[in-house]
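Protein chains in written order, with the numbering used here: chain A, 29 to 437; chain B, 29 to 437; chain C, 3 to 339; chain D, 3 to 339.
Think of the hints as simulated: they come from the structure by calculation, not from any bench. All C-beta atoms, glycine included, are put in the ideal place defined by N, C-alpha and C. Among the clues, some could well be false.
Claimed, not checked - Partial list, computed: chain C residues near chain D (C-beta under 7 Å): (1) 45; (2) 50; (3) 51; (4) 52; (5) 53; (6) 91; (7) 93; (8) 102; (9) 138; (10) 140; (11) 161; (12) 279; (13) 287; (14) 297; (15) 299; (16) 303.
Unchecked claim - A partial selection of chain B residues facing chain A, derived with a Cβ cut-off under 7 Å: (17) 133; (18) 290; (19) 392.
Single-letter residue listing:
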Amino acid sequence: MTDQYQSKLVIPEAPFRPGDKPDYSFMSLPSPNESIKPDCMADPAEMKDLAYGMVRVLDDDQHAQGAWDPQLSIEKLQAALEYMVKTRIYDDRMFRMQRQGKLSFYIKCLGEEAIAVGQAMALQFGDMLFSTYRQQGLLFVRDRGLVDMMCSCLSNSKDNQKGRQLPTLYSWKEGNYFSVSGNLATQFSQAVGWAMASAYKGEDHIASAWVGEGSSAEADVYHALLFSAAYRAPVLLNVVNNQWAISTPQNMASGGTTFAARGLGFNLPSIRVDGNDLLAVYAVTEWAAKRARSGGGPTFIELFTYRAEAHSSSDDPNAYRAKDEWQSWPLGDPVERLKIHLIERQQWSEEQQEELEANLTKKISQAWKEAESFGTLEDGPHWPLESMFDDVFKDIPPHLRRQRRKLEM
Amino acid sequence: MTDQYQSKLVIPEAPFRPGDKPDYSFMSLPSPNESIKPDCMADPAEMKDLAYGMVRVLDDDQHAQGAWDPQLSIEKLQAALEYMVKTRIYDDRMFRMQRQGKLSFYIKCLGEEAIAVGQAMALQFGDMLFSTYRQQGLLFVRDRGLVDMMCSCLSNSKDNQKGRQLPTLYSWKEGNYFSVSGNLATQFSQAVGWAMASAYKGEDHIASAWVGEGSSAEADVYHALLFSAAYRAPVLLNVVNNQWAISTPQNMASGGTTFAARGLGFNLPSIRVDGNDLLAVYAVTEWAAKRARSGGGPTFIELFTYRAEAHSSSDDPNAYRAKDEWQSWPLGDPVERLKIHLIERQQWSEEQQEELEANLTKKISQAWKEAESFGTLEDGPHWPLESMFDDVFKDIPPHLRRQRRKLEM
Amino acid sequence: MATMSMVQAINSALDITMERDQNVLCLGEDVGYFGGVFRCTAGLQEKYGQHRVLDTPIAEAGIIAAAIGMGVNGLRPVAEIQFADYIYPAFDQIVSELARLRYRSGGEFFAPVTVRAPCGGGIRGGQTHSQSPEGIFTHVCGLKVIMPSNPYDAKGLLISSIEDDDPIIFFEPKRCYNGPFYGDPHQQAVSWAGHPKGEVPEVYYTIPIGEAAIVRPGSEVTVLTYGTMVHVAEAAIEKSGIDAELIDLRTLLPLDIDAIVESLQKTHRCVVIHEATRTSGYGAELIADIQEECFWFLEAPIVRVTGWDTPYPHAFEWHYFPGQERIIEAMKSTLET
Amino acid sequence: MATMSMVQAINSALDITMERDQNVLCLGEDVGYFGGVFRCTAGLQEKYGQHRVLDTPIAEAGIIAAAIGMGVNGLRPVAEIQFADYIYPAFDQIVSELARLRYRSGGEFFAPVTVRAPCGGGIRGGQTHSQSPEGIFTHVCGLKVIMPSNPYDAKGLLISSIEDDDPIIFFEPKRCYNGPFYGDPHQQAVSWAGHPKGEVPEVYYTIPIGEAAIVRPGSEVTVLTYGTMVHVAEAAIEKSGIDAELIDLRTLLPLDIDAIVESLQKTHRCVVIHEATRTSGYGAELIADIQEECFWFLEAPIVRVTGWDTPYPHAFEWHYFPGQERIIEAMKSTLET
Ligand SMILES: Cc1ncc(C[n+]2csc(CCOP(=O)(O)OP(=O)(O)O)c2C)c(N)n1
Ligand SMILES: Cc1ncc(C[n+]2csc(CCOP(=O)(O)OP(=O)(O)O)c2C)c(N)n1
Ligand SMILES: [Mg+2]
Ligand SMILES: [Mg+2]
C-alpha cells in the first residue's frame with residue numbers, strides 16, 4: 029500500500045481496550061451536595077448546569093445527601109431493592125437458558141437495574157412506557173407476570189406476542205408498556221406523539237421513552253427533542269449512557285460533551301444523573317414527571333451507568349473491552365449501593381438479602397418450569413400455525429387468506 | 029362537533045399573521061461591541077455565549093465596530109456590494125421571466141444576499157460548497173457565467189445539467205459548487221463526508237454547507253452535527269434563519285432557543301451572526317474557516333436574516349404573513365447597509381450605485397438574450413432527447429438501451 | 003350534490019371526519035395556517051383550531067412517528083407528506099413501525115394512521131416533485147395502498163381510510179387535483195365541472211377499500227391502471243377506436259384480483275399502465291399475478307406502459323410521461339396477435 | 003487457491019481493494035475495532051488503521067450521507083449496514099441522493115459507494131434481523147443491486163462493485179456466510195470447505211456485474227433465484243429428480259435477461275424463488291419481463307415461491323422460509339401441464 033495520505037481526521041477512541049488496565053480516575057464525580065434542585069417548573073435557562081454535572085443522592089458511603097434526596101419510605105426502598113434483585117436473578121436465569129439453547133437470544137441489564145426500577149417507581153401506572161430491550165425492570169415494577177415474560181422469551185403457545193418477536197422485545201398493553209421494536213430509537217419520537225395525544229385529550233398521563241446512548245445518534249432522537257420542545261409534550265426523554273454500544277464507546281455518539289447537553293439546544297431541562305443511584309434516578313424522574321404533568325413539557329435525562337455484561341448473548345466483550353472495566357467503574361453496582369444504604373440505616377441485613385435472593389431464585393425457577401410447560405421455541409407448542417397470517421391487518425385480506433390456504437396444504 | 033377535549037398541547041405561533049401590525053421591538057439586538065472574539069482555536073466551552081448573542085460589526089449607523097470587524101479592504105467591500113447587487117438584479121430578472129412563463133419556477137433570496145456573498149468571499153475557491161436553492165450569491169462570487177446560470181434555469185440545450193433540474197437547483201463542478209438537491213437538508217451531512225475525505229487525504233480544502241432554519245429539523249442536520257463533531261471534520265455548518273419556512277415560522281423548528289444553541293450539544297463552536305451585515309458574516313466565516321483549516325473541526329453558524337419575498341414563485345405570502353414584515357425587520361436590508369457603510373466612509377456614492385445597477389441590469393439583459401438563444405424550456409432546443417437515458421448509470425445498461433430504442437420509435 | 007375538484011373533495015372528507023370524530027386530526031408541513039401547499043386542508047384550522055390541524059417541523063420521520071404515537075393513544079391522525087417524493091425520510095417509521103406494529107405486538111397495539119401524499123408528474127415539478135412511489139409500499143406487508151383518480155372516489159376512499167384501523171398510504175395524483183388530465187399538455191386544461199366524477203355529495207359516504215371500478219366496459223383488451231393514467235388511458239382508448247375495458251384499480255393493496263380476472267376472461271388481453279418507473283413497479287406485480295391466474299386464456303403477452311427507468315426529467319417531462327400514443331401502441335400490440 | 007467462507011471471501015475482497023487503492027475505505031457500526039458483528043471486516047482496522055476502517059455512530063442515514071460526500075471527494079467508500087433490516091433509516095439518502103446524483107447533476111458529480119448489508123432469514127433473528135429488501139432497490143433507478151450466493155462470487159462481485167463508478171447495493175445472504183444452506187434447519191450445518199464455490203483464489207479477480215450463472219443445466223423447467231435460495235433450490239431439484247435448469251441471477255439490476263430467455267427457450271417453464279415477501283417482490287419483475295419476452299413458447303404459468311406477505315415470525319421461521327417442499331411442488335405444478 030502506498031501511504032501518500034497524511035490523514036488529518038480525528039477518530040474517537042475508547043478509553044480502554046483489551047490489554048489496557050482500566051483507570052477512571054480522570055472522571056470527575058460531583059458529590060450529592062453539589063447539585064441544586066430547581067423548582068420543577070423553573071425556566072430551563074436557569075438549570076443548564078444540571079446537564080454538565082451529575083445529580084447524585086447516595087454519597088461514597090451510600091448515605092443519602094443533598095437537595096435531590098427523594099426521602100423515600102423504607103418500604104419503597106426495600107421494594108426497589110427487591111425489584112432490582114428480581115431483575116438481576118431473572119436476567120441471570122434467562123441468560124443461562126439461552127446458553128442451554130432454550131432461548132434464541134437474550135439481553136441482560138446487569139449493572140443498570142436502578143434505572144428501570146427507579147424510573148418506573150417514580151411514574152404512575154397510567155403513564156406509557158416506550159422502552160428498549162434493556163429496561164426489563166420496568167415490567168417487574170409494574171408486576172408483569174414472570175411466566176408471561178418467560179413465555180414471551182420462549183415464543184410459545186402462551187406468548188402474548190404470538191411467537192413473533194425476539195426474546196426481550198416485550199409488549200404489554202394492559203401494563204402500558206409499549207411494544208419494543210428491534211429497530212433502535214424509533215420509539216423515542218413515537219412517545220412524543222403519544223404524549224401529544226394525551227395532552228390533546230386533556231389527560232394527565234405522560235409518556236416516558238428510553239434510548240441507548242449509542243442509538244441516540246438516530247434521527248428519531250432529534251425528532252423527539254424537536255417535536256416535544258415545539259409542542260411542549262408531556263414526555264420524559266431518557267438516554268441511558270451505559271458507555272458502550274456493542275463494541276463502540278460512548279464518545280462516538282457524545283460529540284465530546286455530555287448527552288444531557290444535547291437537550292439544551294432545544295431549551296429543555298436537561299439533567300445528567302448517576303444511573304447507579306436508585307435514589308437519584310427516582311428523584312430526577314419524579315421531578316420531571318411532575319413538571320410534565322403540570323404542563324411544563326419534556327425533560328431530557330441522561331442516565332449515567334455502565335453495561336456490565338456483553339451487549340447480548342451474541343457477542344463476547346473480551347474482544348473489544350478491557351478486562352475488569354466494570355470492577356473499576358467508579359459509580360459501583362446499583363444493587364450493592366442500595367443494599368448498603370439500607371443496611372447502614374439498619375433497615376436491611378445481609379441475611380435478609382440472602383433470603384430475598386433465595387426466594388426470588390425459587391420463584392423464578394418455578395415460573396420457568398411453568399413457562400416451559402406452555403412450550404419452547406424449538407419444540408413448541410406455539411400458537412396455531414395459521415395465526416401467522418393474523419394481525420398483518422386487522423382483518424385478513426383475500427391475498428393473505430390465499431397464502432394461508434397454501435401453507436396449510 | 030362535541031368538544032369534550034380540553035387540549036393541553038402548546039402550539040408554536042408566528043409573531044405576526046395577516047392583519048397584525050409587525051413590531052419587532054421585543055427583539056433584543058446586541059451592539060457590535062458586545063460580542064467577544066475568541067481565538068479561532070479556542071475551546072468551544074469558552075464561547076457558549078456566542079450561540080445566544082449575535083455577532084455584529086455594522087452598528088445602527090452602519091459604522092464598523094467591535095472585535096469582529098474583519099478590516100476588509102475597500103476593494104473587497106466594493107466587490108461585495110457589487111456581488112450583492114448583481115444577485116438582486118439577477119433574481120429580479122429571473123422572477124419576472126418566471127412570471128412571463130419563460131421559467132417553470134423560481135426562488136429569490138431578496139434580503140439574504142449578504143450571507144452567500146460574505147461567506148463565499150471568506151472561503152477559498154477550492155472549498156466545496158453544499159448550497160441550498162437560496163445561496164445563489166455563492167455562484168456570483170465564484171464568477172459563474174450568467175449565461176450558464178440562465179441556461180440552467182431554462183433547461184435548454186446549453187444547460188450543464190442537461191435539462192434535468194428545476195431552476196435554482198444549480199450544479200457546477202468546476203466551481204466546486206455541489207449539485208443542489210430538491211430534497212431539503214440532505215446535502216448537510218454529505219458535506220461532512222466530503223470534509224472527512226479532505227482530511228483523510230491530508231488536504232486543506234474544507235466544506236461549507238447551508239440549510240434553512242425550517243429544514244434544520246431534518247435528520248440530516250443532526251447527523252451532520254454528530255459526525256462532524258465525532259471526527260472533527262473541517263466543515264462549516266450554516267443554518268440560515270430567515271424566519272420562515274414557506275408559511276411556517278422559525279419557532280416551529282427552534283425549540284424556543286436560538287438555532288446556534290443546537291451546536292452546543294455537540295461541543296461545537298456555535299455562533300449566531302447578523303446575516304444582514306456583510307462584515308459580520310465575513311468575519312465569522314473567516315474565523316470558522318481558519319479554525320477548520322487548522323484542524324479545529326466544525327463550526328455551527330446561525331445566520332439571522334429575513335426572507336423578504338415569497339418562498340418561491342409558487343406561493344403568495346400575503347396568505348400567511350403580515351404586510352410590511354420586511355419593512356419592520358430591525359436588521360434592515362443588507363445591500364442598503366453596506367452601501368451606506370461605504371458612503372459614510374466616502375468610498376461610494378449614490379451615483380456610483382446607480383451606475384452599478386444600470387450596468388448590471390444591462391449585462392443581465394444581454395446575458396438573458398444570449399441564454400434564450402440556446403433554447404427555452406417550452407420551445408427548446410433542449411439536449412438531444414436520447415440524452416434522457418444518460419447518466420442514470422455511468423454506462424447505459426441493456427434495459428435502458430431497450431427503453432431508449434422504444435422512445436425513439 | 004355539488005361540483006368539487008379533487009382538492010375540495012379531499013378537504014370535504016377531512017372536514018366531515020373531523021366533524022364526526024374528534025379523535026381525527028391533521029398534521030403536516032404548512033397544513034395549518036396556510037391550509038397546505040395544495041390547499042387540501044384549507045379552512046380546517048380556522049374551523050377546528052390549532053390543536054387539531056397542526057403545522058409541524060419539516061421532518062417527515064418526525065411527523066409519521068408522532069402520528070404513530072397519537073394513533074396508539076387512540077387518535078386517528080391524518081398526516082400529510084407535502085410531496086410523495088419526500089416520503090422517503092419517513093420510510094423507516096412507515097415500514098419498520100407503522101406497518102408492523104400490530105403484527106409484532108400480537109395485535110396489542112396498532113396505529114390507525116392515514117398518510118396522504120400528492121404524487122405523480124406533469125406539473126413541471128422536476129424529479130423531486132413528480133414521483134410515484136406506490137409500488138414500493140405495496141411490497142411492505144401491513145400497509146394498504148390507495149390512489150384515487152377522481153374527486154368522487156377520493157372523498158369516499160379517504161373517509162374509508164381514516165375510519166380504517168389499518169395504516170393507509172393514500173396517494174393523490176396531483177395532476178388531477180383541479181381537473182382530469184388526458185395526457186396532452188397542450189390541450190386546454192379542464193376542470194372537474196362537467197365530469198361525472200366531479201359530482202360529489204356534500205355529505206358523508208364511503209367507498210370500500212379493495213374494490214376496483216370499471217370505467218369503461220369493453221371486449222377486446224383489458225386496460226389496468228390508476229390515478230392520472232385512468233384519464234389518459236380513457237382518452238387513448240377513445241382515440242384508438244379499440245373496444246377496451248378500462249379498470250381503475252383505486253386500491254392497489256389489497257388488490258381486487260377478481261374484477262381483473264373476470265375482465266380478462268372476456269378480453270384475453272391486457273395492458274398495464276403506470277407513471278412510475280418500470281422495473282419492479284406495481285405493474286410487475288399485476289402481471290405476475292395475472293399471468294398465473296389467467297395463463298390458459300391469455301392470447302398475448304401482457305404489456306406495460308410506464309415511466310422510463312430514469313428520474314423524471316424537467317425538460318423531457320412529456321417524453322417521460324406515458325402518454326396516449328404509447329398506450330395506443332401497446333393496446334394494438336396485444337391485438338396484433 | 004484457498005478454502006474460504008463467504009465472510010472470509012468478503013474480507014479478502016475488502017483487503018485486496020484497500021491494498022490496491024488507498025481511496026477505498028470502510029465505515030459502519032462496529033466494523034472497526036471489533037471487525038463487524040459478522041466479522042466481515044475483521045483484522046482490517048489493525049492492518050489499515052483507524053482512519054481507513056471507521057467505526058461510526060449508529061445512524062444509517064449519517065453513514066450513507068458521509069459515504070456520499072466521501073465518494074464525491076474521490077474516495078471509494080464501502081459502507082456496512084449492520085443488517086439489511088436497518089437500511090431503511092438511510093432510505094432517503096440512498097434513493098433521493100446516492101441513486102440520483104449523477105443524473106441530476108448532468109453527470110458532473112457521482113459517488114461510487116458500495117453499500118454492504120447482510121440479509122435474509124433462517125438464523126432465528128426474528129422480524130428485524132431477517133429481511134430481504136432487494137426488490138425495493140431494484141425499483142430505484144440509478145442503483146445496481148447484487149446478491150451473491152457463495153464465497154467465490156461474493157469476492158469477485160464485491161471487488162467489481164467497489165471498482166464500479168455506480169452506486170451498488172450489495173446484499174449478503176447471512177444464512178450462507180459460513181456454509182451453504184440447503185433449507186433444512188435440522189440437517190447438520192456444513193461449511194464451505196468441500197463446496198466448489200468455497201474454493202477462492204487469494205488474489206485479485208473480478209466477476210462482471212450483470213451476468214447470471216447457470217448452476218445446473220437442465221431441460222424441463224428453468225428455476226430462477228439468488229442468494230441462499232440457490233442452494234435450497236439445488237437441493238430441491240436433486241431431491242425431486244426433475245431435470246431443472248437452475249440459474250443464479252447474482253446481479254438483480256442490471257438483469258441478465260438474455261441468459262434467462264435462452265434457458266426458457268429450452269425449458270418453456272419457469273419457477274421464480276425468493277425469500278422476500280411475495281407481493282411486488284423482485285419475482286414479480288422477473289415474471290413480468292419473462293412473460294413478455296417468452297410468451298409464445300411458455301407452456302405453463304410462471305410460478306413464484308416466496309416468503310409469505312407477513313413479517314418474518316420468530317417462532318414460525320421454518321414455515322415462513324420457502325423450503326424445498328414448496329419448491330418441488332412449484333416445479334411439479336409447472337410440469338403438470
Ligand atoms: C436501526 C438499527 N441499527 C442498528 C441496529 C443493531 N444494533 C442493535 S443494538 C446496537 C447497539 C445499541 O447501543 P446503545 O444504544 O448504546 O444501547 P445499549 O445496547 O448499550 O443498551 C446496535 C448497533 C439496530 N437494532 N437498529
Ligand atoms: C424533504 C423535503 N420535505 C419538504 C420539502 C418541501 N419544501 C421545500 S422548501 C420548504 C421550506 C424550507 O424552509 P427553510 O428550510 O426555512 O428554507 P427557506 O426556504 O426559508 O430558505 C419545504 C417544506 C422538500 N423540498 N424536501
Ligand atoms: Mg449503550
Ligand atoms: Mg427559512
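*Any hints from earlier that this structure breaks? Give me their numbers in increasing order, please.*
1, 2, 3, 4, 5, 11, 15, 17, 19
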